[in-house]
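Chemist: Sequence:
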Amino acid sequence: MRVFNSSPPSEAQTRTRILQAAQRLFAAQGFDGTTTRDLAQAAGVAEGTLFRHFANKKAILVEVATSGWVEILTDLLTELSEMGSYKAVAQVMRRRMWNFQKNADLMRVCFMEVQFHPDLRDRIQLEVITKMSDVGEAFFQTAMDKGIYRKMDAKLVAKVFLGMFAIAGFSNNTLMEPDASPQQMQEMAEGLADIFLNGVLAKD
Numbered sequence: 001m002r003v004f005n006s007s008p009p010s011e012a013q014t015r016t017r018i019l020q021a022a023q024r025l026f027a028a029q030g031f032d033g034t035t036t037r038d039l040a041q042a043a044g045v046a047e048g049t050l051f052r053h054f055a056n057k058k059a060i061l062v063e064v065a066t067s068g069w070v071e072i073l074t075d076l077l078t079e080l081s082e083m084g085s086y087k088a089v090a091q092v093m094r095r096r097m098w099n100f101q102k103n104a105d106l107m108r109v110c111f112m113e114v115q116f117h118p119d120l121r122d123r124i125q126l127e128v129i130t131k132m133s134d135v136g137e138a139f140f141q142t143a144m145d146k147g148i149y150r151k152m153d154a155k156l157v158a159k160v161f162l163g164m165f166a167i168a169g170f171s172n173n174t175l176m177e178p179d180a181s182p183q184q185m186q187e188m189a190e191g192l193a194d195i196f197l198n199g200v201l202a203k204d
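Following my numbering, the numbering of the sequence shown begins with 1 at its first residue and continues without gaps.
Be aware that one or more of the hints could be misleading.
Stated by the list, open to error - Pair by pair, the computed Cβ-Cβ distance ranges are:
id, residue 1, residue 2, range
1, Gly44, Gly199, 50 to 56 Å
2, Phe51, Ile195, 46 to 52 Å
3, Gly191, Ala28, 28 to 34 Å
4, Val160, Glu47, 42 to 48 Å
5, Lys155, Thr78, 19 to 25 Å
6, Glu187, Ala55, 41 to 47 Å
7, Ser67, Gly147, 35 to 41 Å
8, Asn198, Ala46, 54 to 60 Å
Honestly, the hints are just simulated from the structure, not real lab data.
Positions of the beta carbon are idealized from the N, C-alpha and C atoms, including for glycine.
With these hints in hand, go ahead and build the complete structure from the sequences.
Modeler: See the structure below:
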């Protein structure tokens, strides 16, 4: 009886496995609490293999967090562009919050570790958030040109929206319980959308 051995993983598969293991460990133990030995064991590779793919542990964190922010904001802006109505912000926010819960490890790394690494924060600001803000600015400017939103600084509106979105990213630990029900998420999404669209001042 012939036994067929599975082929060894490709370099791309190995790299992906390292990043997935890093995401889990950084979320659970923090960057400083995770050793390269921990990473190698979790990824099922030799420690030397880590350094064939990444210069050091910090490079792994940079890749996890940067690609994570790209994924988060790309999904958000894609949903914005596909909204049936410019007022359907709550629907977009609810789906994003639901995905936050499903991708809790990625959220913890993206939102928490970046605070402790100024160089990483600066890179994400330059390479990711600034570019995404430009896309958001174009979206809101279009809404203003159509008379749906009142005329104001579209860049500022985009930054406020992304900031509000970031607050929702912390919702599992601050604004909401980790096991929040879909109804609770819906209520929070609608509340954030209402504040964004209507402000907090009583109308005359």
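Chemist: So, for every hint listed, does it hold in this structure?
Modeler: Cross-check of the supplied hints:
Distance hint check for glycine 44 and glycine 199: the Cβ-Cβ separation is about 52 Å, which falls inside the suggested range of 50 to 56 Å. Distance hint check for phenylalanine 51 and isoleucine 195: the Cβ-Cβ separation is about 47 Å, which falls inside the suggested range of 46 to 52 Å. A hinted range of 28 to 34 Å for the beta carbons of glycine 191 and alanine 28 is consistent with their spacing of about 31 Å. The hinted range of 42 to 48 Å is satisfied by valine 160 and glutamate 47, whose Cβ atoms lie roughly 45 Å apart.
A beta carbon spacing of about 20 Å between lysine 155 and threonine 78 agrees with the range 19 to 25 Å that was offered as a hint. Taking the beta carbon of each, glutamate 187 and alanine 55 are about 46 Å apart, inside 41 to 47 Å as hinted. Between serine 67 and glycine 147 the C-beta distance comes to about 38 Å, which sits within the given range of 35 to 41 Å. A hinted range of 54 to 60 Å for the beta carbons of asparagine 198 and alanine 46 is consistent with their spacing of about 57 Å.
In summary, this structure violates none of the numbered hints.
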